[in-house]
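Fit chains Y, U and D with the ligands to the supplied structure of chain S, relying on the hints for placement.
Residue numbers (this note's numbering), protein chains in the order written: chain S, -13 to 396; chain Y, -13 to 396; chain U, -3 to 333; chain D, -3 to 333.
If you are wondering where the hints come from, they were derived from the structure by calculation, not from laboratory data.
Here the structure is a predicted model, which is why all the values come from computation and not from measurement.
Treat the hints loosely; a few may be bogus.
What the hints assert, rightly or not - Output of the computed footprint for chain S on chain U, the stretches with three or more beta carbons under 8 angstroms from beta carbons of chain S:
#	region
1	65 to 79
2	103 to 111
3	130 to 140
4	230 to 243
Glycine included, every Cβ here is placed at the ideal spot set by N, Cα and C.
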Amino acid sequence: MMSNTPKLQLHIPTPPGRPGDEPTFDHLEIPPAGTVRRPDMSAPEADLRDLPYGLIRVLDDAGRAVGPWNPNLSADRLRAGLRAMLLTRTFDERLFRLHRQGKTSFYMKSEGEEAIGACQSMVLGRDDMAFPTYRMVSWLMARDYPLVDLVNQIFSNAQDPLKGRQLPILYSARQYGFYSLSGNVGSRFGAAVGWAMASAFKGDDKIAIGYIGEGTTAEGDFHEALTFASVYRAPVILCVTNNQWAISSFSGIAGAETTTFAAKALAYGLPGLRVDGNDFLAIWAATEWAAERARSNRGATLIELFTYRAGGHSTSDDPSKYRPAGEAAKWPLGDPVERLKQHLVALGEWDETRHQALQAELTEAVRAAVKEGEAVGCLGKSKPSVREMFEGVFKEPDWRLIEQRRELGI
Amino acid sequence: MMSNTPKLQLHIPTPPGRPGDEPTFDHLEIPPAGTVRRPDMSAPEADLRDLPYGLIRVLDDAGRAVGPWNPNLSADRLRAGLRAMLLTRTFDERLFRLHRQGKTSFYMKSEGEEAIGACQSMVLGRDDMAFPTYRMVSWLMARDYPLVDLVNQIFSNAQDPLKGRQLPILYSARQYGFYSLSGNVGSRFGAAVGWAMASAFKGDDKIAIGYIGEGTTAEGDFHEALTFASVYRAPVILCVTNNQWAISSFSGIAGAETTTFAAKALAYGLPGLRVDGNDFLAIWAATEWAAERARSNRGATLIELFTYRAGGHSTSDDPSKYRPAGEAAKWPLGDPVERLKQHLVALGEWDETRHQALQAELTEAVRAAVKEGEAVGCLGKSKPSVREMFEGVFKEPDWRLIEQRRELGI
Amino acid sequence: MPTMNMIQALNSALDVMLTEDPDTLIFGEDVGYFGGVFRVTEGLQRKHGLTRCFDAPISEGGIVATAIGMGAYGLRPIVEIQFADYILPAYDQLVSEAARLRYRSNGEFFAPITVRAPYGGGIFGGQTHSQSPEAIFAHITGLKTVIPSNPYDAKGLLIAAIEDDDPVIFLEPKRIYNGPFDGRYDQLLKVWAGEPGAEVPEGRYTVPLGKAALVRKGADVTVIAYGTMVHVAQAGIAESGVDAELIDLRSIVPLDIETIVASVRKTGRCVILHEASRFGGFGGELSALIQERCFYHLKSPIERVAGWDTPYPHAFEWDYFPGPKRLAAALIRTLEA
Amino acid sequence: MPTMNMIQALNSALDVMLTEDPDTLIFGEDVGYFGGVFRVTEGLQRKHGLTRCFDAPISEGGIVATAIGMGAYGLRPIVEIQFADYILPAYDQLVSEAARLRYRSNGEFFAPITVRAPYGGGIFGGQTHSQSPEAIFAHITGLKTVIPSNPYDAKGLLIAAIEDDDPVIFLEPKRIYNGPFDGRYDQLLKVWAGEPGAEVPEGRYTVPLGKAALVRKGADVTVIAYGTMVHVAQAGIAESGVDAELIDLRSIVPLDIETIVASVRKTGRCVILHEASRFGGFGGELSALIQERCFYHLKSPIERVAGWDTPYPHAFEWDYFPGPKRLAAALIRTLEA
Ligand SMILES: Cc1ncc(C[n+]2csc(CCOP(=O)(O)OP(=O)(O)O)c2C)c(N)n1
Ligand SMILES: Cc1ncc(C[n+]2csc(CCOP(=O)(O)OP(=O)(O)O)c2C)c(N)n1
Ligand SMILES: [Mg+2]
Ligand SMILES: [Mg+2]
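One chain only, chain S, in its complex shape (with noise of 0.2 angstroms):
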């Protein structure tokens, strides 16, 4: 029973900059490229304890793929990479101003964050399925998702194929391997779980993927997840995003000031890979790995995605509130497309001209999308029928959803 010498006092997180302050990364430790060991997937979790505090990373600063997680991408495919990624920032940004002129109600970009869902969309296979997190359009656009469908989505017009029922970009694509997406954040990492054990259940092969803000890691659902994942031995991956903000919070509200998110898998016994975010083939090699421990019944692993959120957390926010202007820039691990970019070009695989054709390529079929769903109309000026609202509530509408629907007339 000793007392105290100083009396307690209560910590409070802060970043270590805000607005009008210089920005800064250097309480980060940011090892260089390639110096990451690469043990066998088949390893026991007790052998990777050191991953988590490490940083997977393959490109270096020139550009150049090195070290033992370098997953030998022929240049197709990391050019098809990079062509989502280029794509997602394309229609970001272009539906993002159509919301400045009123056309829709909200938007959120993935603004730094492309390569995440470009690069684990192209290694999962078809029938796999992931449980995606709002900034992750680029999943869908790595396989080719119809742009016309995102645009009617963020309409909520009458071509929208969630029927005017949800938030724009709250988008559902089963067919593309892409869940339900809902406002909640965090309350589909379960269910990522619950569907890769149903695949093992049914003797099946598909693995499932699922994605949390590293501010969301706090919810209960993220631990939920993570023990059912490790007790029942799930064929998941389980990504946590860690753009650093959560709205306006810094992740030292989320625990980063006293470690890693990649060592919370050291809490369920599951190994742990901390991983460059902005680096296409950093998260190539991860998620193999992770993929290929799935399908061998070796069970889950939790990837943090160190990465940045380069824009504001939605048409909602605005960060020069909360932090210092220009950090973006700072960033040490950059910018994914540039990145990659960079790196074709240094394998003599792109060039300046060929990307601006890209980049041109890419502007007009996202206005021509656009137009498209302009046509059919913005929001409030098209709406699927309203007969839509009281549909899909259950298989089939109950007396009352009858009833409703005839006491409005339809």
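Below, chains Y, U and D with the ligands without anything else, positioned relative to chain S:
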């Protein structure tokens, strides 16, 4: 996009034995006493990451206190601990039998786990607060809580300090540093952190200690509490009572197949100590270490107390239905009462005669308390005024409660 | 036909479904080897194998989240929550995910899950083993809620719930697991054998969700109840001597509004009986619906007999529990009003 | 007296309490440096210090659990849940811990916490930024639930909630944060300045919990509403031309039953208006209570105008939202019935 060889299959953990099997603990690695290092409590978490995989033990098989964690307690303290433990066991046995006689609706014993509450109650200060589980009446025993108040609560009689509102054994004893229990497991773990944060907020010097069963670590509450404890560096000790069973589910269903419960600390950048929960001295030392850390503004510690639930889950349970007979007797870490007794005897500070005398004294104390409680009345024979049913819903009853009380004619 | 108590009937429903549909599976706390704390899943793991009926971590949110993912995959999971009181940590999963998945994804994904939970009071379980939380599910668009009152219905409704493509909350009145209970706690315990509803076919049959049962025909007042309260209602009606019509709702969503309205239009009077505390309980919805649809037929105010607006109090179980006496008094009041 | 919108009034209430009571503190997602996504806590961290108003992890369950522990210690925590839709992960904490702590511990511990959450629809927030979950709190014994409809009340009620020794759910109709909204979405936006309730004293004052406001006197029918719907009710009454009496409940628990009953006994008719979906909503409880207490005064059925029994649908916001037209039609129906 590789495909599986072999097919996926769902892994369901199963315990090493079931009724009819020989009990075995061969799957466990129990290191000898005294072998785990004792770093300074001010060490950074990064230097403590081996601790969750060890097992802090002080008492060896001969009852000697060995190794760096030996707290070197006075014989008086040891005897006080023994007394609290033995009183707990005596009380439990008696009250369990009273349930069988129909004198109350429910009872739960702490058999095999008496060291935990008794010891930590002695280590912590009068102004600190425990957020206990239902297996911790030993906390109150170590602080001389009136036995008759326990009995009256268990009988829900007219003298029940909780006015008949709560299930037997779900005590509340603020003056004794014992937070209100509830039937929901786990849901008070976060309150322990909030309480500790409040103390830090006020610049006070009280700390909190929270408890959760190993089975209950799977609840989101566990993760949320640890997250808050870590983020705000709360002066709290969080304990997992790993008695290896959660009703009929062995600890593998809570994740024990893959790692230790102490290792869950790593997810939060907190120190995790794994402690022999049947070793009064080891618990003492670990708790003191964690308390000092908390009091010196170094934040929270997670302690796994490795023990064995020697009895059934509760009066509603029959463990012979799901675990091998005689498992308790085979538990390599023995019985906490016997081990502390053996230590005192080895020190020359105790003997069989004194032990018998103590046992007789405690049996009589329990008998007297039960008699006093029975004189007030057992469940169904005596209860507080029915008005009490309507009190305490709010600070002041609203019209609904007043009307309803009238409707009942009281 | 064999006689079963409610536990055996539920067990039989699960056994039938595990046998007939390879996409069904059961998990929950202690449901595997042990067979559940109320033994509803007893023997199912042994018979159908480890992966068809297994223990889950103590994490109601995780259990339901996992079931939703399995349901989206194409399975038909049945989960047990050990007590309805402990369903609350899963409430967000049930509301924000299970109930809304079909709607928000335009039917691409849906959650054909069944969430079983022992429910209600009368067993001296105190605050957290006695509650009746049906109202917090009834309000949620996209959830169905079922509450059986006898073994025959329990089995038929459970099979219907499992086969249903929408998420179903299946609340099992634990006080009547082993025998009907009419609220007269000072009388001898009854068993199911020989009671109506205790003859239960071995094989598959369903009792459709949304069809109430007319338990007793009567002319003067309609009593609406579900679960244990159906039995209390019978005792209360007998005690009152009133010629009451008794409706057992069986499911509260979907609700059999037709049967209710037809009865109240005939009798002109209505008493609603439920265990849950009154304020904001499901009785309010029933009262409002009936008043809206039968206003001109009503001869006296619709009454609600329900738990008091207090937490469930251990020592005062029988003061709290809405028993036959309170119902009888309400029936007489209603008739004399 | 200064003019404030509802955000400013709430901010002022928090500022007053942080100033006057050193045991108050605020935490929640984004409430610290940034001041909350709706800016209700703007400037409070700067003025009162880091430990008085700070960001919390995204963990509504953790936020409420922490607040309960602080409350038990002796503090008076005020937490923000970013949207009422996201309160569900904290539901178990609110029900099983906050609401029950005083009762089960016989008053040794209690939870004097205030849980603020922006609430309701009308902002094109889609399914999960628009819901009105008051019914799932009203049913819980031990919880109080407050819903203000204007800046003056918002400040006075919030201070009363914070000073209250019981847990209070404080639901802020986000659609009227910046100005009153009467449901006529095609008209120009209004601001609070110049509107009733926009004059707000700087300092401390309270509006007691459990006292409804009589917004409009009338002879022929009573309209009961709260939050945004108070404004919709005014428009609907005007549109109908009916001489209606309008009651703003301000808190649904405690409920001002006296004011309600007195009014309905006078008018003999009643329409209840709320945003939440109808089935199992709080309107059911109100309807039941009124019918029980005013049966012999009722000239026509009590009507409920509410959200449909669907999830909140993005594109169909104005088809779903119970606007003045639907209220007016109900008023006329009620009068003509
Ligand atoms: C359950 C729940 N709580 C709160 C919110 C409000 N909210 C939306 S996004 C967000 C931040 C999420 O941050 P993070 O998980 O880091 O994801 P990011 O936006 O950075 O991708 C919050 C708090 C929500 N949508 N759902
Ligand atoms: C939220 C909740 N879920 C389920 C239960 C039912 N239940 C009571 S005790 C128990 C087992 C707890 O096991 P553990 O945490 O290991 O504690 P122990 O009994 O071993 O001390 C369960 C599942 C409960 N009381 N509360
Ligand atoms: Mg983030
Ligand atoms: Mg245990």
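Taking a Cβ-Cβ distance under 8 angstroms as contact, does the region 65 to 79 of chain U have three or more residues in contact with chain S?
Since three or more residues must qualify, the claim that chain S covers the region 65 to 79 of chain U holds, with 8 doing so at under 8 angstroms.
According to a criterion of three or more residues whose C-beta lies within less than 8 angstroms of a C-beta of chain S, is the region 103 to 111 of chain U covered?
Per the Cβ count (4), the hint holds.
For the region 230 to 243 of chain U, do three or more residues have a beta carbon lying closer than 8 angstroms to a beta carbon of chain S?
n = 0 at 8 angstroms, threshold three: violated.
Given that the region 130 to 140 of chain U was listed as covered by chain S, double-check it with a C-beta distance under 8 angstroms for 3 or more residues.
That given contact holds, which follows from 3 residues of the region 130 to 140 of chain U lying within Cβ reach (below 8 angstroms) of chain S.
Hint 4 from the list above is the single one not met by this structure.
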